[in-house]
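Novice: Given the sequences, and given the hints that come with them, work out the whole structure.
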Amino acid sequence: DQQVKQNSPSLSVQEGRISILNCDYTNSMFDYFLWYKKYPAEGPTFLISISSIKDKNEDGRFTVFLNKSAKHLSLHIVPSQPGDSAVYFCAADHTQGGSEKLVFGKGTKLTVNP
Amino acid sequence: EPEVTQTPSHQVTQMGQEVILRCVPISNHLYFYWYRQILGQKVEFLVSFYNNEISEKSEIFDDQFSVERPDGSNFTLKIRSTKLEDSAMYFCASTQGRGLEPQHFGDGTRLSIL
Numbered sequence: 003d004q005q006v007k008q009n010s011p012s013l014s015v016q017e018g019r020i021s022i023l024n025c026d027y028t029n030s031m032f033d034y035f036l037w038y039k040k041y042p043a044e045g046p047t048f049l050i051s052i053s054s055i056k057d058k059n060e061d062g063r064f065t066v067f068l069n070k071s072a073k074h075l076s077l078h079i080v081p082s083q084p085g086d087s088a089v090y091f092c093a094a095d096h097t098q099g100g101s102e103k104l105v106f107g108k109g110t111k112l113t114v115n116p
Numbered sequence: 071e072p073e074v075t076q077t078p079s080h081q082v083t084q085m086g087q088e089v090i091l092r093c094v095p096i097s098n099h100l101y102f103y104w105y106r107q108i109l110g111q112k113v114e115f116l117v118s119f120y121n122n123e124i125s126e127k128s129e130i131f132d133d134q135f136s137v138e139r140p141d142g143s144n145f146t147l148k149i150r151s152t153k154l155e156d157s158a159m160y161f162c163a164s165t166q167g168r169g170l171e172p173q174h175f176g177d178g179t180r181l182s183i184l
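Protein sequences, first through last, are from chains A and B. Letter by letter, the first sequence follows residues 3 to 116 in our numbering. Letter by letter, the second sequence follows residues 71 to 184 in our numbering.
Calculated from the structure, these hints are not laboratory results. None of these values were measured; they are calculated from a predicted model. You may find that some hints are simply not true.
To spell it out: a stretch of chain A is covered by chain B in this simulated footprint if at least three of its residues, at any positions, have a beta carbon under 8 Å from a beta carbon of chain B; those stretches are [to be verified]:
id	region
1	79-92
2	104-112
One-sided and incomplete, this derived list gives chain B residues near chain A with beta-carbon spacing under 7 Å [to be verified]:
id	residue
3	118
4	123
5	124
6	126
7	131
8	167
9	176
Backbone N, C-alpha and C fix where the C-beta goes; we use that ideal spot for every residue, glycine too.
Specialist: What follows is the structure, given as structure tokens:
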């Protein structure tokens, strides 16, 4: 089951630069997308979300872009900070269908170098 | 900020034994979830629970699994007769409502089956 794919297992950026994490999905019924951050030995922490009626949502240094026609979303972090180093998970939901389950990607490990 | 708390953080159990994982969701949340992550794999949905009933479950959630809200604060996952392949991180999550609302996760219980 590869409904949500994060094709880059890792990403390394310099402090102060932009981090771009990508996510693709195959199920066109998904209507709500979320990004979670996970540190070792902790649970996923909600970062930012976007509904399918929007193409952009911004919260401070974090912006999520959604391209429905391409079934692609991305998370931009700018400027990147060393504390952003974590595993980032993309997740999707089909809320209009009454589903309550999040479908996760495998995650991308972001390393921000000082 | 309110948190989902899970106990224990690590549980070691002999194969065939019963195990109960405990969660205290955020106090005003009404929807509760269990997910698991086998080492190196994706976070996978197990079950959702609302109004003292299972509202959705995955194919993983077979007869060996059960969930319960024994009182006003705890939400438990029981595995009746554990197998080696049940070894995983188990995450509890909760939301206040349904629809476009992020699930908030606990730090997980690492279950090791010997």
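Novice: Does each hint hold? Answer for all of them.
Specialist: Hint check:
As drawn, the region 79-92 of chain A meets chain B at 1 residues by the rule of a beta-carbon pair under 8 Å; below three, the given contact is violated. Proximity of the region 104-112 of chain A to chain B, defined as three or more residues with a beta carbon under 8 Å from a beta carbon of that chain, is established by the 6 residues found. The beta carbon of residue 118(B) is positioned within 7 Å of a beta carbon in chain A (closest approach about 4 Å), and the interface hint is therefore held. Hint on residue 123(B) is violated. Least Cβ distance to chain A is approximately 12 Å, over the 7 Å limit.
Here the hint on residue 124(B) is broken, as its CB sits about 11 Å from the closest CB of chain A, past 7 Å. Hint on residue 126(B) holds. Least Cβ distance to chain A is approximately 5 Å, under the 7 Å limit. Of the supplied interface hints, the one on residue 131(B) is violated, with its beta-carbon coming no nearer than about 11 Å to a beta-carbon of chain A, more than 7 Å. Taking 7 Å as the C-beta contact cut-off toward chain A, the hint placing residue 167(B) at the interface is violated, the least distance being around 11 Å.
Annotation: residue 176(B) was flagged as interfacial toward chain A, and the flag holds, the nearest CB pair being 5 Å apart, inside 7 Å.
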